[in-house]
Amino acid sequence: MCLPPLHAKQDIASPQQTGKTYTIKGVVLDFNNEPIIGASVFIPGTSIGVATDLDGNYVLKVPANTKNIEFSYIGYEKKVVPFNPKDLNVFRVVTMKEDSGIALEDVTIVAFAKQKKESVLGSVSTIKPAELKTTSSNLTTGFAGKLAGVVAYQRSGEPGEDNAEFFIRGVTTFGTGKADPLILIDNIELTSSDLARLNTDDIASFSILKDATATALYGARGANGVILVTTKEGTEGKMKLSFRVESSFSAPSKEVEIADPLTFMKLHNEAVRTRNPDGALPYLESAIAAREKGLNPMVYPMVDWKDMLFKDFTTNYRGNMSLSGGGRVARYYVALSYSRDNGILKQVPSNLFDNNIKLDKYTVRSNVNINLTKTTELGVRVSGTFDSYQGPIQGGSQVYSQAIKASPVLFPAMYAPDAANQYTNHPMFGNYGTSANYLNPYAEMARGYKEYENTVILAQLELKQDFSFITEGLKGRLLGNVTRTSYYDLQRSYTPFYYALDSYDKTKDEYTLSALNPDLGTDYLGYSPGSKKVGSSLYLEASLSYDRTFVEKHNVSGMLVYTVREGKSGNENTLQKSLPTRNLGLAGRFTYGFSDRYFAEFNFGYNGSERFDKSHRWGFFPSGGLGWVVSNEKFWADKPISKVINMLKLKGSYGLVGNDNISNNDNRFFYLSEVNMNNSGRGMNFGTNFDEGYNGISISRYANPKIGWEISHKMNVGFELKLFNDLEIQAEYFKERRTNILQERADIPSLMGFQAPIRANIGEAKGHGVDISLDYSHIFNKNWWTTVRGNFTYASSEFSEYEEPDYSATPWRSKIGSKLSQTYGYIAERLFVDDEDVANSPKQQFGEYTAGDIKYKDINRDGIIDEQDIVPIGYPTTPEIIYGFGFSVGYKAFDFNCFFQGSARSSFFIDPLRITPFAQPYDPDNELGGKQANNALLQVIANNHWSESNQNMYAFWPRLSDTAISNNNQSSTWWLRDGTFLRMKSAEIGYTLPKRLTSKAKLENLRIYVSGTNLFNISKFKIWDTEMGNNGLGYPVQRVFNVGIQLSL
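In our numbering, the protein residues as written are 86 to 1134.
These are calculated hints, taken from the structure and not from any lab test.
All residues carry an ideal CB built from backbone N, CA and C; glycine is no exception.
The reader is advised that the hints may include incorrect statements.
What the hints assert, rightly or not - Here are the simulated DSSO-like pairs of lysine-lysine, each with C-alpha atoms no more than 30 angstroms apart in a straight line:
no., residue 1, residue 2
1, Lys199, Lys146
2, Lys535, Lys378
3, Lys182, Lys171
4, Lys163, Lys1016
5, Lys105, Lys146
6, Lys617, Lys443
7, Lys867, Lys977
8, Lys163, Lys201
9, Lys618, Lys535
10, Lys867, Lys851
11, Lys638, Lys728
12, Lys218, Lys323
13, Lys164, Lys391
14, Lys213, Lys1087
15, Lys105, Lys163
16, Lys351, Lys977
17, Lys653, Lys593
18, Lys391, Lys378
19, Lys591, Lys378
20, Lys182, Lys351
21, Lys618, Lys202
22, Lys535, Lys152
23, Lys199, Lys323
24, Lys728, Lys199
25, Lys152, Lys719
26, Lys146, Lys182
27, Lys443, Lys396
28, Lys317, Lys459
29, Lys110, Lys182
As the list claims (entries may be wrong) - Computed beta-carbon distance windows for the label pairs:
no., residue 1, residue 2, range
30, Leu463, Ser727, 44 to 50 angstroms
31, Phe705, Asn169, 51 to 57 angstroms
32, Thr556, Lys719, 28 to 34 angstroms
33, Asp776, Thr261, 39 to 45 angstroms
34, Phe839, Tyr573, 37 to 43 angstroms
35, Phe981, Thr180, 47 to 53 angstroms
36, Asp345, Glu1089, 53 to 59 angstroms
Could you put together the complete structure from these sequences and hints?
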């Protein structure tokens, strides 16, 4: 930070004498020349004092007989400056040294404001933005294990689809509405995709608000917690230019292993033989032998579809630049960034376009702060993110899954031309049969590409006014923001020409092909416009705050915030979605602190929602908290224990938070019925030939004016501790009860004739858990330093009220008391040993089964295995435990850091329908478009399946079959897997060039580093990356190696 010029000293510290009083002005800085916010400036032994503002400035009237001025702030050594009316220059700039005994980052970003850390009573976790930095251009991939209270996991590594899912203190609602947290960037609500695009170098602060006291001011939007991000602003001083450039290599962290084509053919024969001994085998021994000999691959294909479609690795690039600085009147921060993320798909040589995934991201940000007067500040913020994507029509994950859904031996990916097609110009894609209706993954990938452009632009004005001329500590703030979004996509594609083998002359090794779709294939790229969406939102905020300390001991603060929000969306396909969304809110906070020891806080949110009837439209959500800083007590501060426990704070809170986002946008207005006046299915025909008629009326939603707010009752207790000046620990226990959850009624008799489900606020859930964070830092000498950090989160939730059928006869089927994301299924005991074992076991109601198939447990002992035997199995699909730990160490110019991420108490399913070898793939999402296919053979099935020669009752796979066996495909513990894992999430080593070298090049700083992400994983599950859960057949999570350079001048 650049200091004010000397010729301005009369404006900074001027002896304006009024009688026997002097006015002194100045700025309080830390050892890095950064302003200290909220520092106390007072005359010892009196009640005369002030606190520095957000820029570290202060103004104090001083009697002429004053001896000393004292400057103090927690985390810094107290500084006493003698007062001499003839030399007020000493107050112009006051620099404070960090107190090694209380080295705290003392300012915490909370709802709509900043607070001293010791006065914060809510549950708030903060993290340095640098600790969120990853080798990915997606910020959310760095959340897991780094933020106490945040449950996060990543299910895909596909560029543009690799957002991590994250929840604050788990999920405590089972409705169809919003369960993820509110995300605010510079006070504006944005999506998780917007957060993913945010550049870590642009972030000034990152806070997680978890309990009712911390989130109450957000009222209707804060029930699921709040992520609060502020971006950097300019500081007074000379212009500073910073660059960062990175290049990385990425490859799958773990790939699904596929058995080779010969094994596929042999085990396919076994699958038919073991189920139907008299059936015809799919492959002759001569066909297998021909492939073993490596004969003509056009006739005897052996295709490794994954190798055909995917590269071993890809390269990515990122770069960003920022410019900051300013003077006393205006300060600026301007940043630009660019990233290119590439997929691992191979280029198709015959295409004139690149079918690989390419995602270009551009961001621009400008934050300008202008001092209009000494008490008025204007902030102007403009930002934009621009995404440009090109990739395969079906997306990377579907390309990957299709590689596992195709037979490796039916046909080659492409045929080499036969004699009759020597002059054919188009690619000759392989297929089978006469209708070209078999899946060829290579042709599906090659047939075209999809493009989309996504843009988000924000413009914001903020006006801050200091009203100290009315009364000390009073401030006002106005904020207005406009957000504009746009999205469009299109497809360019051709219809592949498919060919099949017609005949083969073994003696001449010549084959002929037959064209399967000569009249349907095309040689040109067609054009298909996709969806187009535009949207805008307007946000207005007005607040009035008060903060003042009386008689050095009584700190009183308060705040009132009024908010208005309106959103509009164009190109929607339903009336409800196209109508503007509107919300109003009034929130308030009152805090009291006595002698930096005892603290009390009261918050409220009063919000209106368009979703509800007038009788339930407004909700009032209060919260309160108490805190006690024990270490500031006299009986503690001067005792030996204070040298061991430097700081101890106890705190607790309780409150209510609302949630109006309890369903999707198709169900916005619960107090109105949704009626279709032109339903052909409800009409009637008449006339001689019944060829005349009128459409009828149907109802898809019944009005219910009693539907209202979902309410979260949150309790939080915890402590903050600092030991031996180096170790900080924060631990909290929380409980939550979620009431009025929207649920469909289960006890409405069908005889009543309702056309649509009846919904009501009848559900309840409860949750509890703990989150703990630990930070240790120590400087050994001028060359050595280290930091250690870790956090642990346990969050569990369960149904407490759920309308369901009467399960009194089979209580294990009831959801009440079970986990929210609990899976239900049968308990698999083992595989049947033989036919006698089958005959002597309870009868299973899932079709035919025999020795080697799955045997289930008869829970109710009625001799029949049916839905009455379904029980809760495994852990929830959302992890109940997330933890992380790591360390950084520095020696002279070198630094090294690494971080480990872990997850426990979660389960996921291997879906047997999706991996049943040789069978037509299970395709609930119609990814195949009706095409025929044969699932590939996973290597794990080839290695470990039940057979007559391997009658292992606990083999991974039951007796083989070339069709899906219903008995074996039931949801059961046989396919349930433990989601526990420990991953080395990241590691980085860097070198900072000495000043003597950088100064010659007129550089302020230059650092070179090498880093890696997802370096290795420890887990019992070995088939795919455990973190992907049941999405293991999708685009894999990536392991990334990165090299970068960072410089500033």
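So, going through the hints one by one against the coordinates:
1. Lys199 - Lys146: Holds, because 26 angstroms separates the two Cα atoms, which is no more than 30 angstroms.
2. Lys535 - Lys378: Measuring from Cα to Cα gives roughly 41 angstroms; hence the hint is violated.
3. Lys182 - Lys171: Within the cut-off at roughly 26 angstroms; holds.
4. Lys163 - Lys1016: Judged against 30 angstroms, a Cα distance of about 77 angstroms means the pair is violated.
5. Lys105 - Lys146: Holds: Lys105 and Lys146 sit about 10 angstroms apart, inside 30 angstroms.
6. Lys617 - Lys443: 21 angstroms, holds
7. Lys867 - Lys977: Measuring from Cα to Cα gives roughly 8 angstroms; hence the hint holds.
8. Lys163 - Lys201: 17 angstroms, holds
9. Lys618 - Lys535: Holds - the C-alpha atoms of Lys535 and Lys618 are around 16 angstroms apart, at most 30 angstroms.
10. Lys867 - Lys851: At roughly 51 angstroms apart (the allowed maximum being 30 angstroms), Lys851 and Lys867 break the hint.
11. Lys638 - Lys728: 24 angstroms, holds
12. Lys218 - Lys323: Since the Cα atoms of Lys218 and Lys323 sit roughly 27 angstroms apart, the hinted pair holds (cutoff 30 angstroms).
13. Lys164 - Lys391: 68 angstroms, violated
14. Lys213 - Lys1087: With Cα atoms ~28 angstroms apart, Lys213 and Lys1087 stay inside 30 angstroms; holds.
15. Lys105 - Lys163: Holds, because 27 angstroms separates the two Cα atoms, which is no more than 30 angstroms.
16. Lys351 - Lys977: 62 angstroms, violated
17. Lys653 - Lys593: Given that 30 angstroms is the threshold and the Cα spacing comes to 70 angstroms, the pair is violated.
18. Lys391 - Lys378: 23 angstroms, holds
19. Lys591 - Lys378: Cα-Cα ~14 angstroms, so holds.
20. Lys182 - Lys351: Between Lys182 and Lys351 the Cα gap is close to 76 angstroms, so the pair fails against 30 angstroms, i.e. violated.
21. Lys618 - Lys202: 43 angstroms, violated
22. Lys535 - Lys152: 75 angstroms, violated
23. Lys199 - Lys323: OK: Lys199 and Lys323 at ~26 angstroms, within 30 angstroms.
24. Lys728 - Lys199: Measuring from Cα to Cα gives roughly 29 angstroms; hence the hint holds.
25. Lys152 - Lys719: 26 angstroms, holds
26. Lys146 - Lys182: Judged against 30 angstroms, a Cα distance of about 25 angstroms means the pair holds.
27. Lys443 - Lys396: 14 angstroms, holds
28. Lys317 - Lys459: 22 angstroms, holds
29. Lys110 - Lys182: Holds, because 20 angstroms separates the two Cα atoms, which is no more than 30 angstroms.
30. Leu463 - Ser727: 44 to 50 angstroms: With a Cβ separation near 45 angstroms, Leu463 and Ser727 satisfy 44 to 50 angstroms, so the hint holds.
31. Phe705 - Asn169: 51 to 57 angstroms: 55 angstroms, holds
32. Thr556 - Lys719: 28 to 34 angstroms: 32 angstroms, holds
33. Asp776 - Thr261: 39 to 45 angstroms: 42 angstroms, holds
34. Phe839 - Tyr573: 37 to 43 angstroms: For Tyr573 against Phe839, whose Cβ atoms are near 40 angstroms apart, the range 37 to 43 angstroms holds.
35. Phe981 - Thr180: 47 to 53 angstroms: 32 angstroms, violated
36. Asp345 - Glu1089: 53 to 59 angstroms: 57 angstroms, holds
The structure is inconsistent with the numbered hints 2, 4, 10, 13, 16, 17, 20, 21, 22, 35, although it conforms to all the rest.
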